[in-house]
Each structure stands twice: as C-alpha cells, then as structure tokens.
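> Can you build the whole structure from these sequences, using the hints too?
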Amino acid sequence: MKKEDIKIGIKEIQNIKMNSKEKEHILENVLSFSYEKKEPVKSPYSFISIFQKNHFIYYGSMACLVLILGSSGVIFSSQKSLPGNTLYPLKVSVLEPINSAFRLSPETKAQYESSLVKERILEAETLSYQGKLDVAKEQQINDLIKTHKVAFSRAINEIKLQEPTEEIYAVATNLEDQMAEYSQEMMAISTSDTENQYSNEIAKLDVEKIPVTNENTENNIEEKKGNIGNDNSKVATINPTVSMPTATSTSSPVNSNNNNGNTQKYINIASSTFDTYFQKLSLENGNTFDYKISNIDFVALKNTTDEPEKYWFKEDNTDESFIVIVNYSVQTNTEGKNYWLAGNGTEGENGWILNKVLFVNIDKNSEGYYVKSAGTGP
Amino acid sequence: METNIADNFKNIYEDESDTIFRFCLIRVSNREQALDITQETFLRLWKNMQEGKTILNNKAFLFTIAHRLIIDWYRKKKSFSLDKMLDGEESSYDVVDEKNTNTVEIGAEGRFLLEKINELELTYRDPVYLRFVEDLSPKEIGNILSISENAVSVRINRGVIELRKKIGYIK
Chain A
1 MKKEDIKIGI
11 KEIQNIKMNS
21 KEKEHILENV
31 LSFSYEKKEP
41 VKSPYSFISI
51 FQKNHFIYYG
61 SMACLVLILG
71 SSGVIFSSQK
81 SLPGNTLYPL
91 KVSVLEPINS
101 AFRLSPETKA
111 QYESSLVKER
121 ILEAETLSYQ
131 GKLDVAKEQQ
141 INDLIKTHKV
151 AFSRAINEIK
161 LQEPTEEIYA
171 VATNLEDQMA
181 EYSQEMMAIS
191 TSDTENQYSN
201 EIAKLDVEKI
211 PVTNENTENN
221 IEEKKGNIGN
231 DNSKVATINP
241 TVSMPTATST
251 SSPVNSNNNN
261 GNTQKYINIA
271 SSTFDTYFQK
281 LSLENGNTFD
291 YKISNIDFVA
301 LKNTTDEPEK
311 YWFKEDNTDE
321 SFIVIVNYSV
331 QTNTEGKNYW
341 LAGNGTEGEN
351 GWILNKVLFV
361 NIDKNSEGYY
371 VKSAGTGP
Chain B
1 METNIADNFK
11 NIYEDESDTI
21 FRFCLIRVSN
31 REQALDITQE
41 TFLRLWKNMQ
51 EGKTILNNKA
61 FLFTIAHRLI
71 IDWYRKKKSF
81 SLDKMLDGEE
91 SSYDVVDEKN
101 TNTVEIGAEG
111 RFLLEKINEL
121 ELTYRDPVYL
131 RFVEDLSPKE
141 IGNILSISEN
151 AVSVRINRGV
161 IELRKKIGYI
171 K
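Residue numbers (the numbering used here), protein chains in the order written: chain A, 1 to 378; chain B, 1 to 171.
Because the hints were derived from the structure by calculation, they are not lab data. You may find that some hints are simply not true.
[Claimed, not checked] No farther apart than 30 Å at their CA atoms in a straight line, the calculated lysine-lysine pairs in the DSS-like style are these:
| hint | chain 1 | residue 1 | chain 2 | residue 2 |
| --- | --- | --- | --- | --- |
| 1 | B | 76 | B | 47 |
| 2 | A | 132 | A | 118 |
| 3 | A | 11 | B | 139 |
| 4 | B | 10 | A | 17 |
| 5 | A | 21 | B | 47 |
| 6 | B | 76 | A | 21 |
| 7 | B | 76 | A | 17 |
| 8 | A | 17 | B | 165 |
| 9 | B | 59 | A | 23 |
| 10 | B | 59 | B | 139 |
| 11 | A | 2 | B | 165 |
| 12 | B | 116 | B | 165 |
| 13 | A | 42 | A | 137 |
| 14 | B | 139 | A | 21 |
This one's a predicted model, so the numbers in the text were calculated from it and none came from an experiment.
Now the structure itself:
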C-alpha cells in the first residue's frame, strides 16, 4: 500500500458521516431534553439526621431520655413504697425533703410536715395490716415522725414569731391538734412494749409543746386586747422573760402570776399613764409618728415589795409607786431613728423601731398617776 | 443565557458530530447503535453545559464519553450474549462486519485501512486511529484514554510500525 493510498483511505474513512436527517434528528432529540435542576426535597424526618451526623447529640439526648423516663418511673413508684422497700429511702430522704424545702411559707410547711406524719402512720397501718410491721421498721417510722415533728414545731414557732393574728394562731392550733391525734393513732398501732416506748416519747413531745404554745397565744392576745384595745395587728410580740435584761418578773414576790387582780389594775393604770407620757414625749421629740404597746409587765409595788426590788424605788416615791416593764414599738423617721435606736430596739420596716423595752416608774400625786421616771434599767 | 448555551452547543455539534459518529460506527459496527451512542454522548455534553460546568476541551470531552459509552455497550452486549449461550440458545453475538453496514459509504482504500486498523492490538488501535484519522494530539488522546502523553506517543509509534507491516507499506 502506498502512502497516497493511505491518504485516500484516511480521507475515505473521514468521509463516514451521518446523513443530514440523522444529524438533525439527534440535535433535535438532545435539545428537546431540557435539564431542570431539581431542588432536593427536604425529608420530614430530617431531624433524625442530626442525630446520625452528631454522635454526641445522639448519645447525650438518649442518655437524657433514659434518665428522665427512668427517674420519673422510679419517683412515681417510690411514692407508693413502704419501709423495707428498695425505693423507700429515696422517698423519705430525697423526695420529701425536697418537697418540704419548696414549701416556703411556714404555714404550708407545717401542713406538709403534718401530712407526712399522717402518711407515716398510714404506712405503719398498712404494714401492720400486712403483718410486716417489725421493731426495726417501726423504729424507722418513729424516727421519721420525730424528724417531721421537729420541722413542724420549727414552722409553728416561725408562724408565731411572724404576725400573731388570731387566724394564724387558729391554723397553728389546728395543726397541733392534728399532730396530737396522729400521735395517739401511732400509739394505737404500736403493739410491743418497745414500740410503745417510742410512741410515748412522741406523744410526750406533743403534750409538752402544744399546751405551752396555746397558753402563750391566748395570753398574748388577751394582753394585747387589754392594753391597746383597738389595734391588735402589726404589733411585734416580745416574750418578756426572754428579752428582759435581768430576771425581774420571775424573782419578784409580786408578779403577774400570783397577784392577778392587783396586777391587772396596775397594768391598766400603767397603760393609760404611759399613753399620756408618750404623747407628751412625741410632741417634744417631733420625729415620732406612732407607737404601739405590745406588752406591759408588772414588776413591783413599793409598799409590798422586799429586797432587792425595794432599792429600785427612790426615797421620795410614795407608797403607791410601782414599776412596770413596757414593751413597745415606735414609728419614726430617719432623723428620729438614732434617738429611738439608742438603748434597745431593732429596726423594722416603714420606720418602725421594734422590741423596745422600758422600765417605767409610775407614781401618784394629787392629780393622779404619772410617769416619774423611765429608763432602760430600774 | 439559555440561547447562548444552545448556540454554543449547536456549533460544537456541527463541528464534532460526524467525528464522534464515525468513531462510534467504526467501533460498534452498527449504524443504529452508533447513532444511539452519538446522541447519548451529545446529550451528556448538553447536560453539562446546562448545569453551567466549564468544559476545557470539547473534543476530548466528547471522545472520552463516547469511548466510555462504547466500552459500556460492549460489556452489556457481552453479558447478554453469554447469558444466552449459557441458556443453550442460539448465539446472537454480532460478528463485527463492516461490510454489512459500511459498504455503501466507504471506498476500497478506506475499508482496507480500517480493517487493518481493527486488526491491530487493542492498545494500539485507538491511539493510531485517533492520531491519524481524527488528527488528535497525543495529549488529547491521553485524556480520552486516561493514559499519559508519553504512553500515547509510544503506542502510536509501535502501532504505526505494526500497521505498516500489515498494509505492506511502500514509501
């Protein structure tokens, strides 16, 4: 084959072509194919892919889920657990203290604690019904009841310290009665001697506490009524035996406990005399707006008293002269604050100086009783 | 923009369609099949252009696609035939026969040359064909066949020597 032939051959090969019809047909086919860029459709389950992409999120959320589902089940089932059950410690030493901590006001706290006592009793009843109540379990329940009662009394004391209105005292007394009832029930459930011992202790706890607090309540309310007459709200209560600097009323032969008729008389006299004295003092001071007597304690009368109170009276005192301790609060402004805070008293809200104590010597002249001297000590 | 792409495509089609068709026809020896592969090749180019992809060398791109489509076609054909053979049926394997399909369009010299090229070893056949018939550079051939430029040159040289022997080349 010659070189020229090869060239011809190549030319011939190159002449292999589509005919015009075929050519047009293919072009038409290709151009009619319109390529549309399709947007990917978002899957409705795309959130699953987040978990698939990020293993931390996946395992983290799974752990949370398991924890929530698991713990809610545990908490729920622990609610019904009884002493001796595995979940019982969770209930009494985790869930209930948390619940109690979230009860912020002392009333609700006291209510909750008393309801817990009731629940303990129910538990004890259930166990005794099932025949599963043994010494160890009863002791556990009793210990818990003791704890509840301590928390309860703390809450009750707090209530009494706050605002001693009659309603609050009623609530507190109701709760205390309820508690006493529960204690009785508990005693009834207990059968063995050892168990009775525990229950008795609890019952004692109530007997000691409840009547004392009730008495205080009544006394305080009565005194307030007697002394102030019209206003028994917004008054700070001070227990005189606690806040007194010296043991006066208890050691004195003449005191409110054994000289009831006369004491009341002197207290009434002291109340009105002190009123006049205070009004005069307010006018002189200029920075005093209001005052409230919370308590008046009779200390001694000159002609009936012996040592050492005798020396509290001056020689020029008449025999009618007597000494009282006045607990009161004063409302003042910033200028008068320092004056009133001197000696004793604590700063309260709205310019009130609370818990002030004054020894007042009241004497009698031709015009009647008057405040002869007043001070922080006799 | 759309018309620009279409015009551009039409120009390329005008320039390269015959070359690609020829390349396909020589390899598959079936006019219909060659047309089919040609259409598919240009369709791929069209898609790429519409997607806004930049193609550096249209000729090389088209040859590469055609080359791969032909390989695919051969694979399909082979598996199909083998299945048939395994089933014990009559073989439908098409024996490559240019005479059947190309007699009308190709002259004696051309057919002879083509026969001899087809007789070359597979490694030499495509480089020689693409170099001398389609007049592609070794670089372009390398791109199409996915081999280096040097390898292409070596294959062309050896292929040409072999082809000369076959055709009884006389200077």
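> Now, for every hint given, state plainly whether the structure supports it.
Hints, one by one, checked against the model:
{"no.": "1", "hint": "B:76 <-> B:47", "in the structure": "holds (24 Å)"}
{"no.": "2", "hint": "A:132 <-> A:118", "in the structure": "holds (19 Å)"}
{"no.": "3", "hint": "A:11 <-> B:139", "in the structure": "holds (23 Å)"}
{"no.": "4", "hint": "B:10 <-> A:17", "in the structure": "holds (17 Å)"}
{"no.": "5", "hint": "A:21 <-> B:47", "in the structure": "holds (23 Å)"}
{"no.": "6", "hint": "B:76 <-> A:21", "in the structure": "holds (28 Å)"}
{"no.": "7", "hint": "B:76 <-> A:17", "in the structure": "holds (26 Å)"}
{"no.": "8", "hint": "A:17 <-> B:165", "in the structure": "holds (29 Å)"}
{"no.": "9", "hint": "B:59 <-> A:23", "in the structure": "holds (17 Å)"}
{"no.": "10", "hint": "B:59 <-> B:139", "in the structure": "holds (12 Å)"}
{"no.": "11", "hint": "A:2 <-> B:165", "in the structure": "holds (12 Å)"}
{"no.": "12", "hint": "B:116 <-> B:165", "in the structure": "holds (10 Å)"}
{"no.": "13", "hint": "A:42 <-> A:137", "in the structure": "violated (61 Å)"}
{"no.": "14", "hint": "B:139 <-> A:21", "in the structure": "violated (34 Å)"}
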